[in-house]
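Visitor: The task is simple: from the sequences and hints, build the whole structure.
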Amino acid sequence: MSAPQWNNKVVKWVDDRLPVISMLHHSAYEYPTPKNLSYMWNFGSLAGFVLVTMILTGIFLVMNYTPHTSMAFESVERIMRDVNHGWLIRYIHMNGASMFFICVFIHIFRGLYYGSYKAPREMLWWIGILILLAMMATAFMGYVLPWGQMSFWGATVITNLFSAFPIIGDPLVTWLWGGFSVDNPTLNRFFSLHYLMPFVILGLVVLHVWALHSVRSNNPTGVEIKTPQDSIPFHPYYTIKDLFGLGVFLIFFCAFVFFAPDYLGHPDNYIPANPLVTPPHIVPEWYFLPFYAILRSIDFTILGIPAKLLGVLAMFASIVILFVIPWLDTSKVRSSKFRPVYKWFFWLFVIDTFILGYCGAKAPDDYFMGIPGLKVIVMGQLSTLYYFVHFLVVMPLVGKLERTKPLPASISESVLKEGANA
Amino acid sequence: MSQTVHSSGDHQPDENRRDFLTLATTAVGVVGTGVALWPFVDSMNPSKDVLALASVEVNLANIAVGQAVKVMWRGKPVFIRHRTEREINEANEVALNELVDPQADDARVEKKEWLIVVGVCTHLGCIPMGTATGEARGDYDGWYCPCHGSHYDTSGRIRRGPAPKNLEVPTYTFLTDTSVRIG
Ligand code: FES
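Top line first, the protein sequences correspond to chains H and D.
Everything in the first sequence is counted per our numbering, starting at 1 for the first residue and increasing by one.
Everything in the second sequence is counted per our numbering, starting at 1 for the first residue and increasing by one.
Hints were generated in silico from the structure; no laboratory data involved.
All C-beta atoms in this analysis are idealised placements derived from N, C-alpha and C, irrespective of residue type, glycine included.
Take these hints with a grain of salt, some might be off.
[Unchecked claim] In silico DSS-like pairs for lysine-lysine, Cα to Cα no more than 30 Å straight-line:
hint: 1; chain 1: H; residue 1: Lys337; chain 2: H; residue 2: Lys405
hint: 2; chain 1: D; residue 1: Lys48; chain 2: H; residue 2: Lys362
hint: 3; chain 1: H; residue 1: Lys375; chain 2: H; residue 2: Lys226
hint: 4; chain 1: H; residue 1: Lys332; chain 2: H; residue 2: Lys417
hint: 5; chain 1: H; residue 1: Lys241; chain 2: H; residue 2: Lys226
hint: 6; chain 1: H; residue 1: Lys375; chain 2: D; residue 2: Lys165
[What the hints assert, rightly or not] Listed below are several chain D residues computed to face chain H (Cβ distance under 8 Å; list not exhaustive):
hint: 7; residue: Met44
hint: 8; residue: Lys48
hint: 9; residue: Val50
hint: 10; residue: Gln67
hint: 11; residue: Lys70
hint: 12; residue: Leu124
hint: 13; residue: Gly125
hint: 14; residue: Cys126
hint: 15; residue: Cys147
hint: 16; residue: Arg160
hint: 17; residue: Pro162
hint: 18; residue: Pro164
hint: 19; residue: Leu175
Guide: Take a look at the structure:
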């Protein structure tokens, strides 16, 4: 595509010296987009919107927040009670974290269903996983800042995970804490890094979009754009579709902010941190529950590796494994629409992650959904097993054995056929 | 620089020298960067004022037999239990090979009526219950960690649950019969 000719003198003057306007024009205006994208393709831009929202609300929160163990809790309460609209800004930020994860999880499941991780989109996929990891670190550190009971004990439990590593474990944890327990130095560094990370995420998002625009968007058929008939320009078609999606999403977001702002949080975090009393039941935020369930479900030793270390390794592995799925999935067909067998396994996997989430929220010795005899820990172990079996066994095998449905010749053909059938 | 035209054979020593220089420069650069990074990494380790608060003195006179207290040391609780005869016996009766982290009771106490351990669960760092009178002390009469269900005995040793190790014994010295310095 040739650079557009700018009529406006100022625009042209700037663009001749720094072609930033041409770049934006390419990527947000004429970017050729498959013409069959469904609403499942809205969640990337929604996640981007939430990122910006988080950065903005965060900047204003910092203007009133004090990162010191003796003042952090009260400064947050002051934001809630005394700062003009402080309650609103904090509730947006607090619920924004959840919204961010909702968007990103749907975005990832979308990618899994439509095979968006397959060649040539591996780098795009990897950067996405890095964004997820950075988000998790950011969310964890942010949750510590209000210095409530869950902040403190969540930080204690999670940083202690690193003590599972042999030899380096204990010095590593001391180094993370800057002391011998979670304390003021820990709060300070988490604050510093919590401010830094969103900009790292922003940088990764730029790379993510860059990679996207060089390999082009996947689409529900998983068939690449072949002719100009297959695509439409991003603007106005997808700008308007994204904006409409944003409107719907904002209703959902605002419903939480205004009507159930604390629904997704834990009430114990409104009790100031107390290093001498552990709350009876420590649970992470909902978006960490499946991973927490995997961590906890390993309560046995394998080959002399202690359970604690195994649990930590399993938890990290549950995300790291995503990096290699472009090679674990042996199917030539991207979209599960044309994979009659794998499709069911995909939904089983989705259900599995929900079960893991449920198990993460309950005490290990509770009964799963009140079913007598079925302990949460056992259900957690089974679903952890399926989590890994899905990637390590189902993906390679089903890809080889399954007879896929015939693919449409092109995006355009599939759209016309669907139109004719409607 | 010499303008002489070398035959191809003559390049050899020159290229070797160049490779060596490139390698040496890279090595110096990498080491130098590492050295320059170290102060930043080390600045995250416990600072001098944190280290200075690393010991605390406790008066034991008011702790009756059968009672236990929590004191703060390095930002975390230390449990001091004035053990009863029965608790001491319980701790000594168990066979070492029955223990997850085998350690004799003698090796964990200086005076057998005083058990002093760091009150941090060796699993993921929660504070076990059982210090205050009336709290659940688990199936082995010591402490019980509610977070993931670890049971500790009257010597602070792990008996059941996910915790891998016994409650840590801090370094301490008895200054007199009724006072102890921890750290
Ligand atoms: S922290 Fe005590 S059992 Fe897990």
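Visitor: With reference to the structure, classify each hint as holding or not holding.
Guide: Going through the hints against the structure:
About 8 Å separates the Cα atoms of Lys337/H and Lys405/H, which keeps this hinted pair within 30 Å; it holds. The hinted pair formed by Lys48/D and Lys362/H fails the criterion: a straight-line CA distance of about 41 Å is larger than 30 Å. For the proposed pair Lys375/H and Lys226/H, the alpha carbon gap of about 53 Å is over 30 Å, so the pair is violated. With a C-alpha separation of about 23 Å, the suggested pair Lys332/H and Lys417/H falls inside the 30 Å cut-off, and the hint holds.
For the hint linking Lys241/H to Lys226/H, the alpha-carbon distance of about 23 Å falls within 30 Å, and the restraint holds. For the hint linking Lys375/H to Lys165/D, the alpha-carbon distance of about 25 Å falls within 30 Å, and the restraint holds. The beta carbon of Met44/D comes within 6 Å of a beta carbon in chain H, closer than 8 Å, and the hint placing it at the interface holds. Using the Cβ-Cβ criterion of 8 Å, the hint placing Lys48/D at the interface with chain H is not satisfied: the shortest such distance is roughly 12 Å.
Interface restraint check for Val50/D: the shortest CB-CB distance to chain H comes to about 5 Å, inside 8 Å, so the restraint holds. A least Cβ separation of about 17 Å between Gln67/D and chain H goes past the 8 Å threshold, and the interface hint is therefore violated. The beta carbon of Lys70/D comes within 6 Å of a beta carbon in chain H, closer than 8 Å, and the hint placing it at the interface holds. Because the smallest distance between the Cβ of Leu124/D and any Cβ of chain H comes to about 4 Å, under 8 Å, the interface hint for this residue holds.
Because the smallest distance between the Cβ of Gly125/D and any Cβ of chain H comes to about 4 Å, under 8 Å, the interface hint for this residue holds. The beta carbon of Cys126/D is positioned within 8 Å of a beta carbon in chain H (closest approach about 4 Å), and the interface hint is therefore held. Checking Cys147/D against chain H by beta carbon gives a least distance of about 6 Å; that is within 8 Å, so the hint holds. Checking Arg160/D against chain H: minimum C-beta separation of about 11 Å lies over 8 Å; hint violated.
A least Cβ separation of about 5 Å between Pro162/D and chain H falls short of the 8 Å threshold, and the interface hint therefore holds. Interface hint status for Pro164/D: upheld, as the beta-carbon distance to the closest one in chain H is roughly 5 Å, under 8 Å. Given hint, Leu175/D at the interface with chain H, is violated; its Cβ is 22 Å from that chain's nearest Cβ, farther than 8 Å.
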